[in-house]
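Peer 1: The residues making up each chain are set out below.
Protein chains: 2
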Amino acid sequence: MTKMELAKSGKTSEEMIGVAQEESVDPEFIRQGVAEGVIVVVRNNRHGYIRPLGIGKGLRTKINANIGTSKDHCSIEEEIEKLGVSISAGTDSVMDLSTGGPVREIRRKILSRSPVIIGTVPIYQAAVTAAEHKGHIDRMSADEIFRTIEEHGEEGVDFVTVHCGVTLQGIEILREHERLLDVVSRGGVFLIEWMIYNEKENPLYQDFDRLLDIARRYDLTLSLGDGLRPGCLADATDRAQIHELKTLGELTERAWDAGVQVIIEGPGHVPINQIEKNVKLEKEICKGAPFYVLGPLVTDIAPGYDHITGAIGGAIAATAGADFLCYVTPSEHLRLPTIEDVREGVLASKIAAHAADIAKGVKGAIERDNEFSKMRKNLDWEGQISNSLDPEKAKRMRTESVPVGSDVCTMCGEFCSIRSVREYLKKS
Amino acid sequence: MTKMELAKSGKTSEEMIGVAQEESVDPEFIRQGVAEGVIVVVRNNRHGYIRPLGIGKGLRTKINANIGTSKDHCSIEEEIEKLGVSISAGTDSVMDLSTGGPVREIRRKILSRSPVIIGTVPIYQAAVTAAEHKGHIDRMSADEIFRTIEEHGEEGVDFVTVHCGVTLQGIEILREHERLLDVVSRGGVFLIEWMIYNEKENPLYQDFDRLLDIARRYDLTLSLGDGLRPGCLADATDRAQIHELKTLGELTERAWDAGVQVIIEGPGHVPINQIEKNVKLEKEICKGAPFYVLGPLVTDIAPGYDHITGAIGGAIAATAGADFLCYVTPSEHLRLPTIEDVREGVLASKIAAHAADIAKGVKGAIERDNEFSKMRKNLDWEGQISNSLDPEKAKRMRTESVPVGSDVCTMCGEFCSIRSVREYLKKS
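From first to last, the protein sequence lines are chains A and B. Numbering of the first sequence is given in my numbering, commencing with residue 1 and proceeding in unit increments. Numbering of the second sequence is given in my numbering, commencing with residue 1 and proceeding in unit increments.
Mixed in with the good hints there might be a few duds.
When chains are identical, the list treats them as one kind, so a pair holds in a single copy or across two.
Unchecked claim - Restricting the straight-line Cα-Cα distance to at most 25 Å, the calculated cross-link-like pairs of lysine-lysine (DSS-like) are:
1) K283 / K57
2) K277 / K360
3) K134 / K426
4) K280 / K360
5) K363 / K280
6) K283 / K109
7) K71 / K134
8) K287 / K360
No lab work stands behind these hints: they were computed from the structure.
The shape of chain A in the complex, shown without the other chains (with noise of 0.2 Å):
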């Protein structure tokens, strides 16, 4: 039985009890959600020693990084190296993306290092494949695919993007309704390419119910993914992008129908006041299943900076409902991410969601912060410096940039607020 299908008969299993300790909920609070979809439990039942990650309704919003070759950037020491730096820095997930060199041998590498879940994009590894061996993806076969995300499921991978929602019409509209910036979802590509070149709808849609066998054997999570997501903010929330939502919709009911677990992907590109009525649209439409969305970047303008921009709309999405963010890092549109690159897209994302958690009232969130905040008002430095997000970067800023005085810092010296004020407060 699948989680899913354990919690529908109203069984709880270890994984939904482990998640409630983390979450510091009620085990059966888990269970409900699971049985409803509105929770998902994500680990599959063939992955070893791992930790299962909760992720939904009333839970802490999680954040996943994306680490991986591409076929111009291709070190499989450099992922290793990506991923330990992404989970010290406190991802909840990793997906591995990559479609450069021995893409098999990356995946099960991390597979037997990472402490956290992850997940794949397995149309990657089938496309790549094909244009190696065939010379072109549009010769991948229908089967190719589905042998493919069975592969990933067998050795573990917890939840895999399948780009279901790409359709035959959905392409009729993009002809239809011109945007700015067509497609820039890889996968969705990759897929489009195929349908057009095959003259075929996507087998991923035409075939769910191959798709949901796989998925119900290893108890594999379905990411099912935004192949028409806006990749400008001229393009947010058109025609495209809701009528794949409205598959996805679909899709969602079907899936739980057969006791698999699902969460949404989203946008991608939005301005700031779209960003709540795209969060809104996911619930209702997909009714409540988990919401992952990729930023969203709340502007176009700034490479080099969409870690910053990502963390403004994920916190603002996550604030809206959003579940899980996948981070983006400083390198998004101009190259594949260095080591550095993916810490500080960790941290912005780390930020955005904590920041989502206070505002929405999540267990344990805002304390975390009073807390703090003590320690700064205690001058106490050593606190502050091992409790915040990134306890490496505030001692190395601080013993930068010594102060003459031990108890304050550089920018106000022995002019320090909370010092002085502290005194002059406790005289009557």
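Since the structure of chain A is provided, determine the placement of chain B on it from the hints.
Peer 2: Frame of chain A, contents of chain B only:
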């Protein structure tokens, strides 16, 4: 006549026309806004060739960069370099907050070299001078405070922060309703110390008319400081903060009656779910006077990343109606910012302001993103780099990671979605 007096009498000054041109609005729109107090056109009438800055209702969101020495870290050359970096990064104004070294000389240098308006906090100089010459800031006289403000006006400073809302009653409220982090505003604390030691009311409140006389003489814009702003999330929107805001609301009307332009300073540390409320309260209590927020920071626990916590808060505040964002640098709470911190701070704040302008529908904002996204679609890398918010960083990041194909990047390489889909969507 001051600009506000001119505007009230139906006249449009050169400065108003200049601001109207920059904002692509009618000069009459600016005149009316200045007459009502909902727009300020900031420029000291003694300040020579300086671009006046319009801030307020219907205009582009502006940003400010704080620079200046401290006693623990003082280098004039470094501050001049920070001035240059903050301007090339796109700040709209600069505040010199120097408290260390020859503060007069530093201010004069900054005034003579800046192409943008300059703000100061005269109480810093008054307090530091009293500490140096009289042994303690408590011994400064009310007269010295006003004379320092006059000196800044004479020299051409365009706007000054004056913490007029810190009152004896405010101190009582602080004592009765204990805060987690007391008072974090340096100017606020100088005045509180002075008031408690001398057992006297705040001269800037008590003799507000004297301040208005000085402001009128130089057409100095008063930035009514928030000495009691919350220094941590737990203290946000509390009694002390709101009491001060109400005092500022009363003073705003007195300033307007005297023909003096006013902006209102706001917090600080504020949870996301309280930001909009804070903006609405300011607009209501201060009758639509432009709102100048510091951040706000949406979590307390991210020293090293407060440019990001501030960009999240700033974007939300500006979307809700804040007009002017004071940047926060990565070094906030840790040290005096370095030159690189200043650059990062300005960029983060600029992203927040621009994203909010898109959401608010400010003229020209989304248009810039759309032009940019067309370049992205056309794989026009030179265009993207030179039109991005930080061309230097975008170029460096791209050139550090060389793609095999000249028209793609190392993220996707030959599998570039944008390039592929363009071709396919044309096929029938």
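Peer 1: Taking the hints in turn, state whether each one holds.
Peer 2: Here is how each hint holds up against the structure:
1. K283 / K57: within (11 Å within a copy, 34 Å between copies)
2. K277 / K360: Both. Shortest intra-copy (17 Å) and inter-copy (15 Å) distances satisfy the 25 Å Cα cut-off.
3. K134 / K426: between (79 Å within a copy, 24 Å between copies)
4. K280 / K360: both (15 Å within a copy, 20 Å between copies)
5. K363 / K280: This pair counts as within: shortest intra-copy Cα distance 23 Å, inter-copy 28 Å.
6. K283 / K109: Neither way: K283 and K109 sit 36 Å apart in one copy and 56 Å across, limit 25 Å.
7. K71 / K134: Cα proximity of K71 and K134: one copy only (17 Å, versus 69 Å across).
8. K287 / K360: within (20 Å within a copy, 30 Å between copies)
Checked against the numbered hints listed earlier, the structure breaks hint 6 alone; every other hint is satisfied.
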